[in-house]
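Engineer: On the provided structure of chain A, position chain B as indicated by the hints.
Listed below, chain by chain, are the residues.
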Amino acid sequence: MNGVRTLLYKEVLRFWKVGFQTVAAPVLTAVMYLLIFGHVLSDKVQVFDNVGYTRFLIPGLVMMSVLQNAFANSSSSLVQSKITGNLVFLLVTPLSHWAWFTAYVGASVVRGLSVGLGVFAATAWFSPPGLAQPLWIVVFAVLGAGMLGALGLIAGLWADKFDQMAAFQNFIIMPMTFLSGVFYSVHSLPEFWNRISHLNPFFYMIDGFRRGFFGVSDVSPWLSLAVVGSCFLAVSAVALHLLKTGYKLRH
Amino acid sequence: MPAVSFQSVSKTYSSPRGSLRALDAVSFDIQQGEFFGLLGPNGAGKTTLISILAGLARASSGQVRVMGHDVVADYAAARMALGIVPQELVFDPFFSVRETLRIQSGYFGLHHNDAWISQLLEELGLADKAGANMRQLSGGMKRRVLVAQALVHRPPVIVLDEPTAGVDVELRQTLWQFIARLNREGHTVLLTTHYLEEAEALCSRIAMLKQGRVVALDRTANLLAGTASTMLRFKTDQSLPPALAAQARTTGRIVQLKAHDATEVETLLAALRAAGIKVEDLEIGRADLEDVFLEIMQGAAA
Numbered sequence: 001m002n003g004v005r006t007l008l009y010k011e012v013l014r015f016w017k018v019g020f021q022t023v024a025a026p027v028l029t030a031v032m033y034l035l036i037f038g039h040v041l042s043d044k045v046q047v048f049d050n051v052g053y054t055r056f057l058i059p060g061l062v063m064m065s066v067l068q069n070a071f072a073n074s075s076s077s078l079v080q081s082k083i084t085g086n087l088v089f090l091l092v093t094p095l096s097h098w099a100w101f102t103a104y105v106g107a108s109v110v111r112g113l114s115v116g117l118g119v120f121a122a123t124a125w126f127s128p129p130g131l132a133q134p135l136w137i138v139v140f141a142v143l144g145a146g147m148l149g150a151l152g153l154i155a156g157l158w159a160d161k162f163d164q165m166a167a168f169q170n171f172i173i174m175p176m177t178f179l180s181g182v183f184y185s186v187h188s189l190p191e192f193w194n195r196i197s198h199l200n201p202f203f204y205m206i207d208g209f210r211r212g213f214f215g216v217s218d219v220s221p222w223l224s225l226a227v228v229g230s231c232f233l234a235v236s237a238v239a240l241h242l243l244k245t246g247y248k249l250r251h
Numbered sequence: 001m002p003a004v005s006f007q008s009v010s011k012t013y014s015s016p017r018g019s020l021r022a023l024d025a026v027s028f029d030i031q032q033g034e035f036f037g038l039l040g041p042n043g044a045g046k047t048t049l050i051s052i053l054a055g056l057a058r059a060s061s062g063q064v065r066v067m068g069h070d071v072v073a074d075y076a077a078a079r080m081a082l083g084i085v086p087q088e089l090v091f092d093p094f095f096s097v098r099e100t101l102r103i104q105s106g107y108f109g110l111h112h113n114d115a116w117i118s119q120l121l122e123e124l125g126l127a128d129k130a131g132a133n134m135r136q137l138s139g140g141m142k143r144r145v146l147v148a149q150a151l152v153h154r155p156p157v158i159v160l161d162e163p164t165a166g167v168d169v170e171l172r173q174t175l176w177q178f179i180a181r182l183n184r185e186g187h188t189v190l191l192t193t194h195y196l197e198e199a200e201a202l203c204s205r206i207a208m209l210k211q212g213r214v215v216a217l218d219r220t221a222n223l224l225a226g227t228a229s230t231m232l233r234f235k236t237d238q239s240l241p242p243a244l245a246a247q248a249r250t251t252g253r254i255v256q257l258k259a260h261d262a263t264e265v266e267t268l269l270a271a272l273r274a275a276g277i278k279v280e281d282l283e284i285g286r287a288d289l290e291d292v293f294l295e296i297m298q299g300a301a302a
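Chains as they are written, first to last, in this note's numbering: chain A, 1 to 251; chain B, 1 to 302.
Excised from the complex, chain A in its bound form:
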């Protein structure tokens, strides 16, 4: 059990030591989005009744940052260790696949939530979004970060080069987070795109998360919980299986 704690500590220390890049930079990016989109779109986009656009946008930006940074943490740590070869220090230890999973995903959750808190602190004073049902905020932030951490673990195991990693991030994770309703309510979309959005698990993460702030959402938070929970379990099962069989780790 102690070994898990050390690996978690090491993974957290790894991103903390380069905090400008891993925490401060994503916070600044989110503030930019808020300033630009909030200014440009505030009169054009209809979201929930009684919720102004900037207020609506803040939780979306917070969750988007949580998800992207949780993914970035486990994936970049693993792929760097694989390419520089220092993963050998971990491979020769008695740590089990459960230990690897817990530590890598745990550190991803810590990174995701740190950035999320930072984004919230930096944007909330523009237009405080309120805390209608705070438990949903915590549940969706942790589950979403966990799922993206596990997804990052899979991507990190699979990728042999930084280029493949970047492709995974830019062609899968980025579009799925951007098209999940961060910047708009899916009800404002044409019927066809509205339906497509409902197939994107990231939509349920953001919708459920937003519920915690405003007490209203596009779909029931319980449906969102079921979708996000199932996705988390499925992705985790795949990640654990890959770790157990030593996929691309133990030849």
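Incorrect hints may appear among the rest.
Stated by the list, open to error - Computed cross-link-like contacts, SDA-like style, restricted to lysine to any residue with a CA-CA straight-line distance of at most 20 Å:
id : chain 1 : residue 1 : chain 2 : residue 2
1  : A       : Lys17     : B       : Glu99
2  : A       : Lys244    : B       : Ser60
3  : B       : Lys142    : B       : Thr193
4  : A       : Lys248    : B       : Arg58
5  : A       : Lys244    : B       : Arg58
6  : A       : Lys82     : B       : Val90
7  : A       : Lys161    : B       : Pro93
8  : A       : Lys82     : B       : Pro93
9  : A       : Lys17     : B       : Thr193
10 : A       : Lys248    : B       : Leu56
11 : A       : Lys17     : B       : Arg102
12 : A       : Lys248    : B       : Ser14
13 : B       : Lys142    : A       : Lys244
14 : B       : Lys142    : A       : Lys248
The hints are simulated quantities; they were obtained by calculation from the structure and are not laboratory data. All values derive from a computational prediction rather than experimental measurement.
Structural biologist: For chain B alone, kept in the frame of chain A given last:
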């Protein structure tokens, strides 16, 4: 119970171009407390065998045990008993030397290991580098940290995969004194090396691998005794006649010829004189491990 046991270990790498048999039914035991040498040319399968031992690779068939623990079924116990110094000079650029060693200890469940860490730093001449970031260290210093990392959990079995490749004389001396002491204190040591004089000086028993097979396995003394015991060495600037060149080992100006007894020495000298070869620094000496190695490798080629 042997410290390390290989039982008909085979490893086949498949690729689109076909399959490569890296190890072919390798079997031998290393007893507790031994200083054991694993020799062989590049590509003989030494690193593959060590990777399987450490759990970095998986055998296609066969069984490997460390202190009685199977490296697959009982991997946690096997890895607790094993400290491996990898061949590649790898490091984690995010941490200092002491952080690296503390973290490595933690992976093995050791959280109050500072006394042993300080001792390791002292023994390996790293004490004044404890706070330095890994990136700032020279190659030799990084190599020392690798050795310390392998020893944080005081493993009974220590594996060194070509630890002195490209390191300076001073480190080699420090390292061997330290490892030899650990061996005297009861640790089992498995060493692969290209420096045959190191293996000859340190290892009590040796296995030689060639193309994935064990081609020799004996006590170092027996290996040395079992082959041509005398070598004729000299220097020359001229090229040898073909009949002599075929049996000679030439390193620059230095020529070595095998001679089993005094009559053969006379025959060789007569042949040199007949060919008009001018010979300097002539000496007759005992065969060393390099001679044995070359003889076995050539013999196994057939």
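Engineer: Against the earlier hints, flag every one the structure doesn't satisfy and list their numbers going up.
Structural biologist: Hints 9, 13, 14 are the ones this structure does not satisfy, whereas the remaining hints hold.
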